[in-house]
Each structure stands twice: as structure tokens, then as C-alpha cells.
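J.: Residue strings, one per chain:
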Amino acid sequence: MKTFWTSVFALLCLVRGACAADGDSNAARHEALQLLMRELGLQPRQIEVIMRDHPLDKWLPSLIEAHARQFGKDPERLQTVGDHLARTRLVLVDGTMASPVYQLALTVERNQLPILRPFQIDDWQRASPKSAQPGLAGAQARLDLAAGDWRVAYFRANSAEGQTLNASQLADLERHLVANKSVIAQDPTWYALMVELAVYRRAAEAEIKALVAEGLLAFPENIQLAVDGATYYLPKWKGDPSRLGAYAAWVLSLPGMSNRLDIYPRIYSHALYRQFRLTLFRAVAKDWDAIRRGIRHMLATYPAKSNKNSAALLACLAGDRELTHQILYEPAFELEAELWLDHDAPGLCMQWARQPMSAERSKT
Amino acid sequence: MTTPNSAIVALIILAAWPIYGLSRAPSAQVTEGPSTSTKAPGTQNAELSLERSPLEVLLPYVGPDGTEKNLPVGPLAYDQKSTIRSIQEPAFQFRYNRPESLTLLDDTMHRYLKNRERDPSGLDKLTLLYARFDAFYFQDYQIRENAGFASAPIEKWRSLRPQSRFPQVVRAMMLMNRAFAASTGRPGVGSSMANTDDPNELLEQMVTELDKLGPTPGDAQPDILRIRARAMLGASDAELLKLIDEASRRNPSTLELYGMGALSVMSTTDDPAGYLETIARLAAERTPEEGKNAYYARTYWWVLTWIGIPNVRDFKVDWERFADGSREIVDRYPVQWNIQHLAAIACAGGAKDPARALINGAKGRPISSAWGQITYFQRCRDWTRN
Chain A
1 MKTFWTSVFA
11 LLCLVRGACA
21 ADGDSNAARH
31 EALQLLMREL
41 GLQPRQIEVI
51 MRDHPLDKWL
61 PSLIEAHARQ
71 FGKDPERLQT
81 VGDHLARTRL
91 VLVDGTMASP
101 VYQLALTVER
111 NQLPILRPFQ
121 IDDWQRASPK
131 SAQPGLAGAQ
141 ARLDLAAGDW
151 RVAYFRANSA
161 EGQTLNASQL
171 ADLERHLVAN
181 KSVIAQDPTW
191 YALMVELAVY
201 RRAAEAEIKA
211 LVAEGLLAFP
221 ENIQLAVDGA
231 TYYLPKWKGD
241 PSRLGAYAAW
251 VLSLPGMSNR
261 LDIYPRIYSH
271 ALYRQFRLTL
281 FRAVAKDWDA
291 IRRGIRHMLA
301 TYPAKSNKNS
311 AALLACLAGD
321 RELTHQILYE
331 PAFELEAELW
341 LDHDAPGLCM
351 QWARQPMSAE
361 RSKT
Chain B
1001 MTTPNSAIVA
1011 LIILAAWPIY
1021 GLSRAPSAQV
1031 TEGPSTSTKA
1041 PGTQNAELSL
1051 ERSPLEVLLP
1061 YVGPDGTEKN
1071 LPVGPLAYDQ
1081 KSTIRSIQEP
1091 AFQFRYNRPE
1101 SLTLLDDTMH
1111 RYLKNRERDP
1121 SGLDKLTLLY
1131 ARFDAFYFQD
1141 YQIRENAGFA
1151 SAPIEKWRSL
1161 RPQSRFPQVV
1171 RAMMLMNRAF
1181 AASTGRPGVG
1191 SSMANTDDPN
1201 ELLEQMVTEL
1211 DKLGPTPGDA
1221 QPDILRIRAR
1231 AMLGASDAEL
1241 LKLIDEASRR
1251 NPSTLELYGM
1261 GALSVMSTTD
1271 DPAGYLETIA
1281 RLAAERTPEE
1291 GKNAYYARTY
1301 WWVLTWIGIP
1311 NVRDFKVDWE
1321 RFADGSREIV
1331 DRYPVQWNIQ
1341 HLAAIACAGG
1351 AKDPARALIN
1361 GAKGRPISSA
1371 WGQITYFQRC
1381 RDWTRN
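Each protein sequence line maps, in turn, to chains A and B.
Just so you know, my numbering puts 3 at position 3 of the first sequence, and the rest follows in order with no gaps.
If you count the second sequence from 1, you need to add 1000 to reach my numbering.
Please keep in mind that the hints were generated in silico from the structure rather than gathered at the bench.
Errors might be hidden in some of the hints.
[Said to hold, decoys possible] To list a few chain A residues with every Cβ distance to chain B over 12 Å, as calculated:
#, residue
1, Asp83
2, Ala146
3, Gly148
4, Asp149
5, Ala171
6, Tyr200
7, Ala210
[To be verified] Covered by chain A, per the in silico footprint, the following chain B stretches (three or more residues, Cβ under 8 Å):
#, stretch
8, 1052-1058
9, 1368-1382
Glycine residues also receive a C-beta, built at the ideal position from the N, C-alpha and C atoms.
Let's have the full structure, built from the sequences with the hints guiding it.
T.: Here you go:
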């Protein structure tokens, strides 16, 4: 009987993509955690430490990154975890999909040393023609070579000014990704790579939006793709940041996205971390009502430590003392200092938020 | 499929723990925070009153694109924390348990010892490197398991460099770390995580192992560990002062000997201010090559780093000596780290003249570990000018 229902459920997954909803559950997160702990060969003592200390919020993302760091050059292991994360559409406690987090960790790791040589990737692809992972690894390696410091600027606040990229190699890569879409796009990172390439060649806004819309239709959980699309509006990629709010509103208008109010704070945080840092609201006009609503939604739905910290920074930077206080002085708040960009920032915001509001203001 | 060895597993656990700098910064000294409350331009909703962000105080110190580059006020020419991080990197790599990392660590420590290398602020590099293994400075080694995980790389280090004393000193430090963990945090009895270590036993084992090492010229760390152990085992203030005096004859120029020694004595005595003044004078006397009073000022600074700069008011600082020592330090090591910390101490102690002399040399961004918050720096600067 159990087998029967399992089969029915599996069939439903295939037909309707119903498994997508499963990825955003603690059961799926625990399953991934178990897989990673097995893969990493953790001992019972270590597992005990992990299970007692925010296993899903703190350790699951850490172990995903640890796996990328340790086994980024081991195709078999990389494929096991990469395919698992994509297939289960796992969503982390902070509301982002695990697949892009894993791929980003691999990207960071590749910056440290070249991990897989082209012939190794070719062999891997031949051995696993149905997995997205070899194609992704190959594309990432080619993108590293062609874009170099542009990629550093893409993923960090650095400027791309004065750096060069190889446009013809990027065009080749784009063609390759399109030609192999049926396999590689099983992983949501395919769309992220296409957006990245489109940003580099300063594609039309409509093209970026089409990629984001298609990617969100295929992987509605992948809110990070919508955030990646906002890169297009950063001035360092010749974008117009005054359009960030309109872009966020457009994301919300997409099918199935109307409940993702968290897109607002995520997009403005993206602009903050990837370019403006503490000067964000000096440079970019804000619709604070929308961001504020988005923060409340994000913290109610995805109360991860990282979300609380980035939201508190946004609120403090915007001058919203009430919201800053609510986040910082919630009993479960834990500081993640590296998200504040400046070692003085948490102290300044905490002290400011603690000051009593005037009677008139506290009524509002 | 290979299984990672236990050292790699330890690495994963350790790597995921936050990496802290010196974990206990002086407390903030601001009594009044940012107070301007104006409505921000561009507010969308009239009902929602946004105030001026307290983070605006940082904007003069970040560039137009949010970085600290190309500022009219100039960024800090020298970043002490980055310097310390780079000095400590070989000690961080130690946990990877790779032969090349361990031999590099050993070579680096030998070089620091042989050349008595200092960082640009005048601190002893060997001491800074040792600090990365010390639970007193870094929270990661306050976890008993982490001190335990260190035994594998230490043993490999010993096998790679059997003649080197450093792995043995670090091994002793791990015993101190475990004793520290056992005496400061014990989960409830019956818990599977309960720390059942006996701190006294560990300390005695550590002292025995250090005694076997014999003299360590140029390396005061074994003496410092012994003094700390004696303090934890209940030695009297007079006994500790005697140990500091003896150790300072062997290795006079290690500042940590006086600083840590003073903290140890202060934890046991009824007269912390008196003993601190005595040890600061002893430090100056033992180190004439550093200047007449440089180590006097540095000893106070070292201790205040741990107990909070505002507490300087409870001490018996001879401000003339302090001003003289500060001048010597800044003349020889003219980095903002020195200038601003010494200025903050003088300011907190109400010593206007030395504070003015120092704060006039302050440039670039106020250093948070000195001032707590930037507004305190501004207030201090205004006070010295009035």
C-alpha cells in the first residue's frame, strides 16, 4: 500500500511539478542535511554538535559550501549533491534555492584554483549525459576564463572598470548553453548564467526580463534569479538604479510571484551588497513602504539569521527606527557582523534603535 | 569514494564557526547617540516618519561608491587588523594539517623569534602569531572539542620538526585552552556535551610539560602560560609579581608578559590599581631600548584593551609618564592605530594635554576599537580644543 501511494506521489511530481512545494519544507532540508553529512563523512560527535545548533539555518548552508569547497573537483560527489539539490528544488531557511548557493560556492572555489580541466569535464559529460552538472561545470569554467575580473565585479561590490572580457568566447558559451538547454536547464543555474551573460553584453531590458520570467516559471522557488536580474540596473553595468522599484513590481506581477513581497528587500539588499554599500539610499530612490512590507513578509516567512541582519541594515540605513528596533531587539536575533559591511554599523544601529521614541512618533 | 579524515571534519566544524578577531573589544563609550531627527527626502508615505540614519556618520569615511578608496579625508594608511590577520594566517592554516602549512608555520615562528620582528605598530609578531592559538583571544579554541582537534596537527608538526620547541608550546597552550574552557563553561551535569575536564589537572600537566622544555630565550610564551596557570591555581599577588619579575629578566621585551601578567595579578589582588602601576613601571624599567616610558604606556593600553578604556579612571596612571611613553611610541611607530588608541586612553582619563597632542595627529577614519563610536571621537576632539 505504501509503495502504491509513493508511486502516486511520484507520478504527481512528474505531471504537475508538485515536488516543487516539497523543497520548501523542513523535511526536505533535513534530508539534504543528512545527505551532506554522509557525503562529508561527519562523525557522530560532529553530527551531535550540528543537530544542537541551528542545523537548518546555520549548518545546512555551511555544509553546502563545505561540500563545494572539498569536493568541487570530484565529479562524482559534485554530481550527487548538485543533482539532488536541483531535483528536490530545495529551498533554504532564508528563502533562496539551494542549487544557486551550491553553484556560487563552486564559483568562489574556482577563483582559488582551477579545479576541473576541460578534458575532465568532457569525460564527465560522456559518462553522465543526463546530468546538468558537467554542463554547468564546463560553462562556469569557460565563463571564468572569458570574463575573469568581470565575474569578480559581478559577484562583489568591486568595479568592472578597466577590466576586459572576451566577447567572442562569451558568445560561443551562450550558444553552447542554448544548444544544451534541455540537459543543463534541469538546474536553475542555467538561467542565472544566461542572465549573467546578458548583463555582460548589455542586452535589452526585455531580454533580461524574458529570461527571469521563464526561469521563474520553470523554478518558481528560485527567487534568487529575480534578484540576479536586478544586477542589470546597477550603474556599474550601465544600468539605471531608479528602475529597481519598477523591476521589483514587475517580478511581483509574474505568475505565482504575487506572494513574494520579499523581492523588494532582496533586490535593494542586492544593490547594496553588489555596488552601493552604505551609500545605497543616497544614490537610489526608495519606495520604503514596499520595502518595509517586504521585510515584514520575508521575516515572517523566512526568518533566517541572514535575512534578519540584512533587513535590519536596510531599515537602519533608511532611518526606520521602529522597524530596526523590532528586528534587532527580537530575542532570537543573532548578529552576523559580516553582513553589516562596516564594523561600526551594528553598534550605531543598535544604540540608535534603543533610544526612546518621542511620544508623537511612537503613536505612528 | 574517500572518507575525509578527522582533521578535515574538524576543519569543517571550525570553518563554519565565525572567525573572530580579538574577540573582546573595549566597551563603547558614547553616552549619547546620534540624535538628529529629520525627515528623509523622498519619503513615500507621510504616515511613516523616517529619521536620519545613524549610519550617515560613516559616510564621510566611505567613498561615493561605498568603498573607502579615493577619499578626500584619506583612508587609514595602515590597517592594524588586516596586518594581524595576515600575521596569524599561518596559525589559521595549521588546522588544515598539511605538511607544507605546518613547516611554513614553524619556519615563520623561527624567523620571528630570530629577527625579533615587529609589526608596524611595534607589536611582537611572534606573540601575535601565538595569540591565534589562544582561547583567551579567540573563541574557537574556547570550545573543548576544537582544542582536542588540534592534537593531530600538533603531532604531525612535532614529527616534521622534532627539534622545534614551538609545537610543544602550542600543545601546552591547548592544555591551557581546555583548562580555560573547563573553568569558564560547563554544561549541565548529565548532558552528553558536559565538559568533565579537571582544569587544575590540565594546568599542572601543562606546567610539567613546559618545565621539560628548559629555557626558551627570546620566547616568553612558556613563562606567560606558567603565570596564567599559577593565577588560575590560586597563587597570591606577591607570588605572581615575583614570577613576572623573574620572567621579565629572561625575556624583557615581550609586552604580553607585562599585560597578561598584570591581568593575572589584578584578578587575585585587593589592590589592582597599585599592582598595575607597579608592573607598568617594571615594564618601562626592563625595556630601556624601547624608550624611557614606552612600555609604561603600552602596559596600561594592553590591560585597558581587555577591561575597557573608560576604566582608566580607576587606575593610578602617572599622566606625565604616559604622555612621555606615548610620544616615544608614536615617534617610533607613527601609525594611526597607536595614535588613536593612546589618544582615547588619555581622553577617557581626563588628561587633556596628552590627549590634545595625540588627537591632533589623528587622521582618516576614527578607529572603532579605540573610540567605541565615532561620536565619542568627535566629542573628545572638541573637548581638547576648548
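J.: Give a verdict on every hint.
T.: These are the hints, each one checked on the structure:
1. Asp83: holds, 16 Å
2. Ala146: holds, 25 Å
3. Gly148: holds, 20 Å
4. Asp149: holds, 16 Å
5. Ala171: holds, 30 Å
6. Tyr200: holds, 20 Å
7. Ala210: Label holds. Min Cβ-Cβ 30 Å, cutoff 12 Å.
8. 1052-1058: holds (count 6)
9. 1368-1382: holds (count 4)
This entry satisfies every hint, going by the numbered hints stated previously.
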